[in-house]
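Peer 1: Sequence lines, in order, name chains P and R.
This note's numbering puts the first residue of the first sequence at 1, with every later residue one more than the last.
This note's numbering puts the first residue of the second sequence at 159, with every later residue one more than the last.
Just so you know, not all the hints are guaranteed correct.
Said to hold, decoys possible - Computed cross-link-like contacts, DSSO-like style, restricted to lysine-lysine with a CA-CA straight-line distance of at most 30 Å: (1) K196(R) <-> K267(R); (2) K246(R) <-> K156(P); (3) K253(R) <-> K38(P); (4) K303(R) <-> K88(P); (5) K246(R) <-> K38(P); (6) K95(P) <-> K109(P); (7) K156(P) <-> K262(R); (8) K88(P) <-> K314(R); (9) K38(P) <-> K196(R); (10) K196(R) <-> K156(P); (11) K145(P) <-> K196(R); (12) K196(R) <-> K122(P).
As the list claims (entries may be wrong) - Covered by chain P, according to a simulated footprint, are these stretches of chain R (three or more residues, beta-carbon under 8 Å): (13) 228 to 234; (14) 252 to 261; (15) 267 to 275.
Hints are computed from structural coordinates only; laboratory data are not their basis.
Note that CB positions come from ideal geometry on N, CA and C, so glycine has one too.
Listed below, chain by chain, are the residues.
Protein chains: 2
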Amino acid sequence: MGRTAVSAEDIKLKLVEAEEPDENDYRLQEQVGFILRKAHQRHVSIFAAHIADLTPPQFAALAKLHDVGETSQNQLGSLIAMDAATVKGVIDRLKARGLVELSKHEVDKRRLLVNLTAEGRKAVERLIPIAREITEETLAPLSSKEAAIFMRLLAKLA
Amino acid sequence: MGRTAVSAEDIKLKLVEAEEPDENDYRLQEQVGFILRKAHQRHVSIFAAHIADLTPPQFAALAKLHDVGETSQNQLGSLIAMDAATVKGVIDRLKARGLVELSKHEVDKRRLLVNLTAEGRKAVERLIPIAREITEETLAPLSSKEAAIFMRLLAKLA
DNA sequence: TTGATATCATTTGCATACGAATGAATTTGA
DNA sequence: TCAAATTCATTCGTATGCAAATGATATCAA
């Protein structure tokens, strides 16, 4: 191409660059959704390395029950950000393992009450210190200051 | 309880507080894993509101193929952070919809090559601007400065 | 060269995650 | 009060996500 030759294609490229810096170059690896997915994957993997016999959602259910005591299944779901269909599966599996027990609400017959069993309570209390370590290890790539900033911003986003 | 009475229980509580400020009070809602899960859920929901007929992993596969061209299935998986079993399902569904096509590697007969079809290419190119909006909306709760800091720290974490 | 390893892909099994449909029970409002 | 709307829970279908086992092929090393 000659030094002074300017094709229609060149002009189009210039115009595109001027208005929309990276129209032609979408970087998946830099999109927040993609990195969020990877960060979540990493956390789940760290969790599994420390607590092999429970998943993060299962632990969340137990920890929340430990915190608030008896609740209905749906209420528990909303406390731990799970829809009705998802929380049902989680509670079913915890029940099968004897960590929670279910009963009917006396007044409102629609509701299914969930409670920790003695074993469930023992399990949560044993696991909470380990869960703290999991949080620490997940945040380990950041300094304390960075971690504090990150947590503040992440909370705004979630 | 008398004003000066100090029970063994009181002493135990004091000691616990001194060494471990919140030993008895694990706040699920403040744990990075829990908030990461919620932030991810929110992103997926924003994605679905903008792009109803593809999931984020499916779009990731298409966008990456658009970026790098023909690749083996496993290689594609590692580029978009999916294990072999997961990427297989994603590619199968994209293939069933005519967005990608598969062929055998001539030399290495183990490999399954993946390519965008013409339709797949058209779809990605149409969706990339929408994907940019999704990123924007996901980050909308943050100011530009906050978003920049957040992305830097999130990348360190993932 | 060949036996041990490693890689690529598939399959199975299990666990979230969520939309949509359904049914039972409760609450609301005209 | 009673019909409409809402809430609680279940079920079904679809889609990740990953561990583990398997089989085919390729590579490495003795």
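Peer 1: For each hint, tell me whether it holds in the structure or not.
Peer 2: Hint check results:
no.	hint	result
1	K196(R) <-> K267(R)	violated (42 Å)
2	K246(R) <-> K156(P)	violated (35 Å)
3	K253(R) <-> K38(P)	holds (24 Å)
4	K303(R) <-> K88(P)	violated (40 Å)
5	K246(R) <-> K38(P)	holds (18 Å)
6	K95(P) <-> K109(P)	holds (20 Å)
7	K156(P) <-> K262(R)	violated (47 Å)
8	K88(P) <-> K314(R)	violated (35 Å)
9	K38(P) <-> K196(R)	holds (14 Å)
10	K196(R) <-> K156(P)	holds (11 Å)
11	K145(P) <-> K196(R)	holds (23 Å)
12	K196(R) <-> K122(P)	holds (27 Å)
13	228 to 234	violated (count 0)
14	252 to 261	violated (count 0)
15	267 to 275	violated (count 0)
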